[in-house]
Amino acid sequence: VAQFEFLSQNGEELGINTTFVALHTTPRDVQAELDALPDVYEQSRTLTGTPNSILLGDFNADCSYLSRTKERNLLLKADSKYHWLVGDEVDTTVKASNCAYDRVIIVGDEVYELYVPGTAKPFKYDSAYGLSKTLAEDVSDHYPIEFLLQVPIPSPPTSSPTLAPTPSGAGAGGDGGGKGGKKEEESFGMGVFVGLG
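Just so you know, we're using UniProt numbering here: the sequence shown kicks off at 1 and counts up by one.
Possibly wrong hints are sitting among the right ones.
Below, computed lysine-lysine pairings styled on DSSO-like, alpha-carbon distance capped at 27 angstroms [to be verified]: (1) LYS77 with LYS133; (2) LYS95 with LYS124; (3) LYS95 with LYS121; (4) LYS121 with LYS70; (5) LYS95 with LYS70; (6) LYS133 with LYS121; (7) LYS133 with LYS70; (8) LYS70 with LYS81; (9) LYS81 with LYS133.
By construction, these hints were calculated from the structure, which means they are not laboratory data. Note that the structure is predicted; figures quoted are calculated from it, not measured.
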């Protein structure tokens with residue numbers, strides 16, 4: 001378990017903390033170990049004071065290690081606060097098997113709102129770097145999982161307001177300078193690369 005604080009590109013604190021909880025389950029104890037993760041999450045939440053957490057690792061959560069029935073009955077699946085980013089149909093293995101062993105779960109609305117939907121996927125380094133299957137398997141039999149978090153850039157502080165003449169035809173308060181009366185917020189993406197397996 002490790003805690004991190006998100007910083008802006010300028011190194012400013014954004015006030016968003018999250019814990020990363022890594023797990024590599026034992027194939028024979030997959031269900032029991034995954035069912036213990038909510039307790040680990042609650043303990044880390046108590047110790048760190050943040051509800052934001054990213055649970056990740058080689059969960060062995062597919063194929064012969066965890067049936068679909070057992071997976072549906074997991075505590076992590078029964079509670080909607082746990083957002084599974086890697087679906088059951090995703091192959092996270094380098095070998096010819098088609099299994100979603102490696103998973104990423106976000107819990108905590110503050111950090112889940114930063115997740116860019118659809119960006120969680122295996123990084124197929126063999127294809128990206130032109131490696132043979134043999135060489136790729138020498139690196140790992142699992143692909144790392146990558147996903148993108150979109151972190152807001154805080155607006156610079158403004159000086160004291162000044163009154164300016166209202167252009168003809170414009171309403172007396174304007175629109176606040178952006179859509180729907182709100183100032184548009186800039187953001188930057190932060191890629192997260194998780195080496196698993």
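Okay, the hints, checked on the actual structure:
1. A C-alpha spacing of about 33 angstroms is found between LYS77 and LYS133, which places the hinted pair above 27 angstroms, so the restraint is violated.
2. Straight-line distance between C-alpha atoms of LYS95 and LYS124 comes to about 12 angstroms, which keeps the hinted pair within the 27 angstroms bound.
3. As the CA atoms of LYS95 and LYS121 are separated by approximately 16 angstroms, the hinted pair is consistent with the 27 angstroms bound.
4. Among the hinted pairs, LYS121 with LYS70 is consistent with the structure: their alpha-carbon atoms are about 23 angstroms apart, no more than 27 angstroms.
5. Using a Cα cut-off of 27 angstroms, the hinted pair LYS95 and LYS70 holds, with the two alpha carbons roughly 24 angstroms apart.
6. Using a Cα cut-off of 27 angstroms, the hinted pair LYS133 and LYS121 holds, with the two alpha carbons roughly 19 angstroms apart.
7. Between LYS133 and LYS70, the direct Cα distance comes to roughly 32 angstroms. Violation of the 27 angstroms bound is thereby established for this hinted pair.
8. With a C-alpha separation of about 19 angstroms, the suggested pairing of LYS70 with LYS81 holds against the 27 angstroms cut-off.
9. Proposed proximity of LYS81 and LYS133 is contradicted: the alpha carbons are some 38 angstroms apart, above 27 angstroms.
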